[in-house]
Amino acid sequence: MRVLVAIVLMFISTAALADNTGEQRPDGRAPTATDVISGLYAFSRFQQGLLESTDLKGNAEVKNLAALRAEEAAKRDKTLKEIQAAIGAEPHVGKTAAGASLAEPDSSEGPAYIRTFYAAQIPEYETAITLLERYLKGPDNATLAAFAREQLPVLRAQVKDAERTMADK
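Using the numbering used here, you'd call the opening residue of the sequence shown number 1 and step up by one each time.
Treat the hints as calculated values from the structure; they're not laboratory data.
Backbone N, C-alpha and C fix where the C-beta goes; we use that ideal spot for every residue, glycine too.
Among the hints, erroneous ones may be present.
Stated by the list, open to error - Capping the alpha-carbon separation at 25 angstroms, the derived lysine-lysine pairs in BS3-like fashion look like this:
# : residue 1 : residue 2
1 : K78       : K57
2 : K160      : K75
3 : K63       : K137
Unchecked claim - Derived CB-CB ranges, DEER-like:
# : residue 1 : residue 2 : range
4 : L56       : D140      : 37 to 47 angstroms
5 : N59       : R29       : 23 to 33 angstroms
6 : G88       : E61       : 18 to 28 angstroms
7 : K78       : E52       : 28 to 38 angstroms
8 : T143      : L56       : 34 to 44 angstroms
Turn these sequences into a full structure, and let the hints guide you.
What follows is the structure in structure tokens.
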């Protein structure tokens, strides 16, 4: 039952995050560089939040994975800051609903926590991947487009790993 509640919360949080990142534009246009940078920062905050959520409940496997993802997020953010400075973008930093999807992992224990830990990641990855794919349909900055093309295979591989691991648990 907890897993079902977690999945519902994740869908709700993904829809809210999509609205904040500019993934869904009413005019159907591709997101701007600012939208992409904001969305990727939000995704990084989510990944860093996973690390915090593993402190009390996680086993060594999820703690190590969360630490690796948080480190990757920090590297991605560093590159994004450089791109942001070069193009003069001012990303909008809004509240993300990523915390909502972390609420369930914090309240569950043992194997339920591990399943929910992986399940919480999938919609967040899918949102980030969709954002990058939509941006690449009509990019407004060559440097950010190159960065997006570089990130897409990495994010796709990571979400597949999360799906595979969740299925095994």
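To see whether the hints hold, each was checked on the structure:
no.: 1; hint: K78 with K57; in the structure: violated, 29 angstroms
no.: 2; hint: K160 with K75; in the structure: holds, 21 angstroms
no.: 3; hint: K63 with K137; in the structure: violated, 36 angstroms
no.: 4; hint: L56 with D140: 37 to 47 angstroms; in the structure: holds, 42 angstroms
no.: 5; hint: N59 with R29: 23 to 33 angstroms; in the structure: violated, 44 angstroms
no.: 6; hint: G88 with E61: 18 to 28 angstroms; in the structure: violated, 42 angstroms
no.: 7; hint: K78 with E52: 28 to 38 angstroms; in the structure: violated, 20 angstroms
no.: 8; hint: T143 with L56: 34 to 44 angstroms; in the structure: holds, 40 angstroms
When each numbered hint is compared with the structure, violations occur for hints 1, 3, 5, 6, 7.
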